[in-house]
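Novice: Below are the chains, spelled out letter by letter.
Protein chains: 2
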Amino acid sequence: MSRVSYVNGAYVHHCEAMVHIEDRGYQFSDGIYEYFAFYNRTLVDAGLHFKRLERSLAELQIALPMSTRAMAIVIRELIERNGREDGGVYLQISRGVARRDHAFPKQVKPSLVITVCGSKLPSEDQLKNGVKVITQPDIRWDRCDIKSLSLLGNILAKQTAAEVKAREAWLVDGKTVTEGSASNAYIVTKKGELITHPANHAILGGITRDVVLKLARKHKITVRERSFTLAEAKSAAEAFMTSTSANVLPVVMVDNQRIGSGKPGPITMQLQELYAKHIFKQTGKRI
Amino acid sequence: MSRVSYVNGAYVHHCEAMVHIEDRGYQFSDGIYEYFAFYNRTLVDAGLHFKRLERSLAELQIALPMSTRAMAIVIRELIERNGREDGGVYLQISRGVARRDHAFPKQVKPSLVITVCGSKLPSEDQLKNGVKVITQPDIRWDRCDIKSLSLLGNILAKQTAAEVKAREAWLVDGKTVTEGSASNAYIVTKKGELITHPANHAILGGITRDVVLKLARKHKITVRERSFTLAEAKSAAEAFMTSTSANVLPVVMVDNQRIGSGKPGPITMQLQELYAKHIFKQTGKRI
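One line per chain: the protein sequences are E and D, in this order. Heads up, the final residue of the first sequence is numbered 318 in the working numbering, and it's a clean run with no missing numbers. Heads up, the final residue of the second sequence is numbered 318 in the working numbering, and it's a clean run with no missing numbers.
Hints are not guaranteed to be accurate.
The list treats identical chains as interchangeable, and a pair is accepted whether it falls inside one copy or across any two copies.
[As the list claims (entries may be wrong)] Below, computed lysine to aspartate or glutamate pairings styled on EDC-like, alpha-carbon distance capped at 20 Å:
id, residue 1, residue 2
1, K151, D176
2, K151, E111
3, K206, D173
4, K221, D204
5, K140, E263
Since the hints were derived computationally from the structure, they do not count as laboratory data.
Generate coordinates for the entire structure from the input sequences, incorporating the hints supplied.
Specialist: In structure tokens, the structure reads:
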């Protein structure tokens with residue numbers, strides 16, 4: 032089955048999926064995106080993703096190209112046409128095509144592009160035994176809360192991680208760990224408190240983050256949404272990261288410093304299991 | 032004559048000029064650009080622009096898609112095909128097309144896109160009487176020295192300026208004016224010293240900036256490359272901005288505060304004239 036993508040109203044062969052060179056997404060990174068996971072052809076937390084998408088668009092004053100309800104129908108159709116049971120949906124909206132000029136064009140129709148790909152879940156070994164992360168200075172702009180296409184700071188950090196075979200780069204602003212290049216970052220203190228950076232302008236408030244914090248609170252884990260330092264991280268009892276594609280992934284090493292015992296901690300593994308149940312409830316899939 | 036653009040090896044009708052949706056320029060703003068002015072079909076300071084282009088690419092570890100010499104030939108041909116005597120050339124290089132993943136793809140061919148447009152020179156009135164600028168917080172990332180496609184911070188500032196009919200937004204980091212959203216910023220003190228932010232990671236070192244500073248020094252104007260505060264700007268004797276499309280443009284008002292007498296100052300106008308001569312020498316065009 033060949034790959035099919037959706038571009039501005041049409042389902043097209045992926046290799047023929049094109050946008051205009053003056054699409055402002057291409058020239059200015061003037062747009063936003065979302066990434067959904069799906070299992071058994073069912074999106075995980077679709078409502079939360081669409082809500083964040085609407086917020087990102089509103090922050091950039093970009094109009095919705097169609098209702099989120101219509102988008103959900105297009106996504107379902109695209110998953111069908113790609114013949115996948117499990118995988119990921121990447122959806123991008125830019126301000127649209129206009130003669131190049133920094134200020135917003137007066138009349139412009141937003142562009143909508145959707146692709147479907149295979150699952151990017153971490154390996155069983157990674158989920159069970161954890162991964163290592165490195166740290167990089169957080170050089171990104173001050174509106175990381177917008178899930179925008181301005182991702183150069185993120186990809187440079189991720190590339191540095193990839194070069195040393197680390198799963199992720201945690202970004203450090205001053206002494207504070209903000210988040211990963213494409214995931215949120217957490218530590219568990221020796222007292223058993225779960226710490227993660229507050230969802231302000233400095234980080235992208237992950238959907239998996241929201242769900243995991245809710246599950247933690249429900250199960251009487253103390254959650255502190257406050258910034259933590261790199262030194263705190265290195266002396267933490269546990270650490271982990273979350274994202275739509277990584278789920279709850281234990282972090283056992285930060286910059287070659289073993290975290291806790293060097294093995295995934297009990298709170299991390301509890302949350303991983305709770306999150307797996309959360310997915311099962313919505314999609315019927317055991318991961 | 033219809034508009035013709037260059038896309039990855041082909042001269043195409045502009046309305047059919049397309050790139051793939053998984054071009055990393057579109058999904059990650061993973062690329063760089065240059066903008067050249069031309070008069071009498073001759074590029075202004077082509078060598079300096081190509082040098083900066085090579086630096087931007089090197090900083091992002093993107094290969095040159097072809098030699099800059101070959102690019103110059105393509106540009107000349109494109110100007111010809113568009114039948115323009117004077118105007119601008121926009122050239123964009125992205126890392127290329129690859130399945131979406133933050134880290135750099137292993138094997139990828141950079142994308143090269145070039146468009147030609149009409150001149151964007153300020154009006155005669157603006158060049159003679161000056162323009163007003165507003166200020167906005169500088170929320171951009173820490174590598175503004177790379178002329179990258181990550182321009183969301185720039186366009187949001189420029190849009191705010193456009194909404195109040197200001198020519199430009201000067202960006203303020205703490206108390207310091209770094210630069211404009213798409214231009215460099217200068218003041219002249221009451222002592223007659225020309226001040227502009229040093230060309231470090233916080234600003235994009237403009238080609239017009241380099242040329243104007245060289246011309247200033249040659250004509251015995253004292254140049255200080257140091258940061259200046261917004262308060263200094265507001266009490267300066269003169270102010271102006273430079274860019275490839277604005278040349279040397281007097282700034283007579285900052286945030287509704289008149290600068291100096293409220294009219295373009297003598298050093299600004301001297302530099303505007305010197306820059307016009309610089310263009311005349313290269314292209315034979317009087318602007």
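Novice: Honestly, which of those hints from before does the structure not fit?
Specialist: 1, 4 and 5
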